[in-house]
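Student: Sequence:
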Amino acid sequence: MLTRSQKEKVVQDLRDKIEKSQAVFITNLIGLKSNDAVALRKNVRDADGTIVITRNSLFGKAAAGTKCEEILSGLKGTNAVAFAFKDAPAVAKALYDAGKEFEQVKLGKGLLDTQMLSKADVEALAKLPSRDQMLATLLATFNAPVSAFVRTMDAIKRKMEEGGAAAPAEAATAE
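The sequence shown lines up with residues -13 to 161 when you count with the numbering used here.
Simulated from the structure, these hints should not be mistaken for laboratory data.
Glycine is no exception: its CB is placed at the ideal position from the N, C-alpha and C atoms.
Do not take every clue at face value.
Computed beta-carbon distance windows for the label pairs [said to hold, decoys possible]: (1) Q(-2) with G60: 19 to 25 Å; (2) V132 with E(-6): 33 to 39 Å; (3) D83 with G63: 32 to 38 Å; (4) Q(-8) with T127: 48 to 54 Å.
Derived PhoX-like pairs: lysine-lysine, alpha-carbon spacing no greater than 25 Å straight-line [to be verified]: (5) K143 with K72; (6) K95 with K143; (7) K3 with K53; (8) K3 with K105; (9) K(-7) with K86; (10) K105 with K72; (11) K6 with K105; (12) K92 with K105; (13) K19 with K47; (14) K28 with K145; (15) K113 with K86; (16) K145 with K72; (17) K19 with K6; (18) K95 with K145; (19) K113 with K47; (20) K19 with K95; (21) K19 with K53; (22) K86 with K6; (23) K47 with K62; (24) K47 with K(-5); (25) K145 with K92.
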């Protein structure tokens, strides 16, 4: 049994996590073997998140007056809460992948910034490409026109060197 000061410390720690988080996801880890739970926690931590399991009443007290009040107050049953501090899709993906591997892990509703997410929304968020993949795609999109221009210029240069076409300056003087 937790003492009053321990409960206050847990509530303050949860409140700090709520304020720092970009997203919050409700899940369940009951029945998961300890090694599997440790692996899931590591995957979430690698995605710059954390998973907290405590009493529902403490979640409710910590969420009072915050953006998470609606989602965390009145929780019933056994719950774990995952907080995403930077990359919300990566944390959702870690939970989603664990849910596919272990039937005990159930994704629930979530909160992204201030927007409530249904279970389907959380799954859609989990299926998004990672932040690094999206940045790589964006960079490739930015580089594509420049790369095409350089390849075209190189092809023109090679053709001129092979003598296949007159140089633009020579063609202008010949006229």
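Student: If a hint holds in the structure, say so; if it doesn't, say that too.
Tutor: So, going through the hints one by one against the coordinates:
1. Q(-2) with G60: 19 to 25 Å: holds, 21 Å
2. V132 with E(-6): 33 to 39 Å: violated, 57 Å
3. D83 with G63: 32 to 38 Å: violated, 23 Å
4. Q(-8) with T127: 48 to 54 Å: holds, 52 Å
5. K143 with K72: This hinted pair is violated, its Cα atoms lying about 47 Å apart.
6. K95 with K143: Answer violated: K95 to K143 is near 59 Å, above 25 Å.
7. K3 with K53: Roughly 12 Å between the alpha carbons, so the hint for K3 and K53 holds.
8. K3 with K105: OK: K3 and K105 at ~22 Å, within 25 Å.
9. K(-7) with K86: Given pair K(-7), K86 is violated - Cα atoms ~34 Å apart, limit 25 Å.
10. K105 with K72: holds, 20 Å
11. K6 with K105: Roughly 22 Å between the alpha carbons, so the hint for K6 and K105 holds.
12. K92 with K105: The given pair, whose Cα atoms are some 10 Å apart, holds under the 25 Å limit.
13. K19 with K47: This hinted pair is violated, its Cα atoms lying about 29 Å apart.
14. K28 with K145: Given pair K28, K145 is violated - Cα atoms ~56 Å apart, limit 25 Å.
15. K113 with K86: Distance ~12 Å between K113 and K86 Cα, so the pair holds.
16. K145 with K72: Judged against 25 Å, a Cα distance of about 50 Å means the pair is violated.
17. K19 with K6: Distance ~29 Å between K19 and K6 Cα, so the pair is violated.
18. K95 with K145: Roughly 61 Å between the alpha carbons, so the hint for K95 and K145 is violated.
19. K113 with K47: violated, 32 Å
20. K19 with K95: Roughly 23 Å between the alpha carbons, so the hint for K19 and K95 holds.
21. K19 with K53: violated, 32 Å
22. K86 with K6: Distance ~28 Å between K86 and K6 Cα, so the pair is violated.
23. K47 with K62: holds, 14 Å
24. K47 with K(-5): holds, 12 Å
25. K145 with K92: It is violated: about 62 Å lies between the C-alpha atoms, which goes past 25 Å.
The structure shown violates the earlier hints numbered 2, 3, 5, 6, 9, 13, 14, 16, 17, 18, 19, 21, 22, 25.
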